[in-house]
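> One line per chain: the protein sequences are A and B, in this order.
Per numbering that gives the first Met the number 0: the first sequence = residues 0 to 334.
Per numbering that gives the first Met the number 0: the second sequence = residues 0 to 334.
Think of the hints as simulated: they come from the structure by calculation, not from any bench.
Just so you know, even glycine gets a beta-carbon here, dropped at the ideal spot from N, CA and C.
Hints may contain errors.
To spell it out: a stretch of chain A is covered by chain B in this simulated footprint if at least three of its residues, at any positions, have a beta carbon under 8 Å from a beta carbon of chain B; those stretches are [what the hints assert, rightly or not]: (1) 8-22; (2) 223-237.
Just the calculated beta-carbon pair ranges, DEER-fashion [unchecked claim]: (3) B:P160 - A:G249: 39 to 47 Å; (4) A:G249 - B:A330: 44 to 52 Å; (5) A:P83 - B:R156: 37 to 45 Å.
2 protein chains.
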Amino acid sequence: MGNPVLVEVMRGALVESTHQGSVAVIDAEGRSVLALGDVARPVFPRSAVKALQALVLFEAGAADRYGLTQEELALACASHGGEPGHVATATRMLERAGLDAGALECGAHWPIHQPSAQALARGGGAASALHNNCSGKHAGFVCAACAMGVDHHGYVRPEHPVQRAVKATIESLTGAGLAEDRCAVDGCSVPTWAIPLADLALAFARFGTGRALAPERAKAAARLRAACAAHPYLVAGTGRFCTVVMEHFGARVFVKTGAEGVFCAALPEQGLGIAIKCDDGATRAAEVMMAAMTARYLPLGAADGGLIERLLGPVLRNWNGREVGRLQPAAALGY
Amino acid sequence: MGNPVLVEVMRGALVESTHQGSVAVIDAEGRSVLALGDVARPVFPRSAVKALQALVLFEAGAADRYGLTQEELALACASHGGEPGHVATATRMLERAGLDAGALECGAHWPIHQPSAQALARGGGAASALHNNCSGKHAGFVCAACAMGVDHHGYVRPEHPVQRAVKATIESLTGAGLAEDRCAVDGCSVPTWAIPLADLALAFARFGTGRALAPERAKAAARLRAACAAHPYLVAGTGRFCTVVMEHFGARVFVKTGAEGVFCAALPEQGLGIAIKCDDGATRAAEVMMAAMTARYLPLGAADGGLIERLLGPVLRNWNGREVGRLQPAAALGY
């Protein structure tokens, strides 16, 4: 596909592996600020657009009807680690609609957070849909269906009113036409539509600023951003990139990872949206790309240097804790 | 780096991710049979050369002195899943030298095989060096040190007699000069030297045929290949690529994975060695590349078609077990 090498994986003094990718940075008026590689090719945004999907909580009236807290709104935008706090929050969301884990259609998997998975096994537990990294989003979809007064069963299907509403919202924010031949199935069984990176970046510029959005939608976006800024732990989990970045920068950065090396972000103060795809699907490289974009477009202070340096050059340690290499931005990343 | 796209990851009808790489296929006389991408660039072979490292068991006299069984020789060549059978075999190897897990310098990690990790946690256990996927290789190094009559402590260091012997063997088989600036540290703390793919493929053509090797070394290589063919489960584990391929093809294929998307193989009947590097380090793609090379150079019968088809196009299923995509060879892979 000919996208540039954006991240190098060093072992000792040699490049061991390389990651290519594309990056779009756009303002809320749709002006391109940066385009690395092919930003017109449609990519599946996967979980990177959970915050856009979560707008349905407001548009279906679920957020107010069920009095969803900031914690619960943050979890609706999350790809979480299945830690106890995540599971408890998802459980409460479902309780608000009078339901339980049986209503979730995301499938079960063990917690991504390994200490939580081990503790679950030690306690004789098993993987459930609540541990699924998408359980907050799905609990939100269940609440949305109930608030809309429709049967929540089958809420993952493209023809369900919840997914039709989600699709319309994403089409509106991105400006991309989501034809059927762009549709596939996500890891958690909801539809995912392939969208050009440039359009995804535009959607996040709008999400981050409210510009070009109807007043109610702009208000909903601001509430979701505030919720994630207040509870970044619930958006990902212990030690995870999205959590670490939003814990540090607060409301100045909204950032969200997706499977297969996708990342989206909004820098509200700069009025910018960012969308990234690592060609080969590697999260480790997409994180370095996003760290570089954050460092490039966010004015940094002395207190930010340590974090950015750590995120730009993650150290690789072996099983004895010895440093054996590191990732680093390649020249084409422009950092 | 400009290597061709060799594997595509499909989601629905669209390409979601791509993997580039290089492939060298060479005969034991050093004649190139196939070169895709850059096969001259040095790559760290990581665990893909464990069978070459295991030759030290014979050259140090450990295999005969301790009466290492075929199971133990297979485990010395393994990147295993930490399943109970792997742990028990590593334990027995150490006992032959009068030692235990305390002698291992590979570091501890939880079993790669998830059901084994969960069972370990359920039983109140913890990760140990025996669960490390390299524990068989390390138990072998400990046996080699003891058979050589040298202190086994520090056997992972480049200057230790065991590693000096391993280095000399790999230099001889590959014909590559292993200068200091080609050396880095592997995940299990032993040295790993960067070697051009073409030279790695040559080494495996020689390992698979015995050609250009001293008679004793050729015999040792044959014993290691026979051990892996007899016990492929011990070389990797339940459901793993190397195990599945060698269980099916027996002694007709020796194949071994390494971290960061490296794969090496020998096809003894065809007199060929194969070496593969996926640029971005993805094992999922390196496996498809190796499946394609196996299918291309091994005469296949009717009984082989199902396995090859499954390995060439691994299905991606989501958490509800629904097929959402698959990997496939790209055109440049020539399959």
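> Please go over all the hints and tell whether each is borne out by the structure.
A quick look at each hint next to the structure:
no.	hint	verdict
1	8-22	holds (count 10)
2	223-237	violated (count 0)
3	B:P160 - A:G249: 39 to 47 Å	violated, 56 Å
4	A:G249 - B:A330: 44 to 52 Å	holds, 48 Å
5	A:P83 - B:R156: 37 to 45 Å	holds, 42 Å
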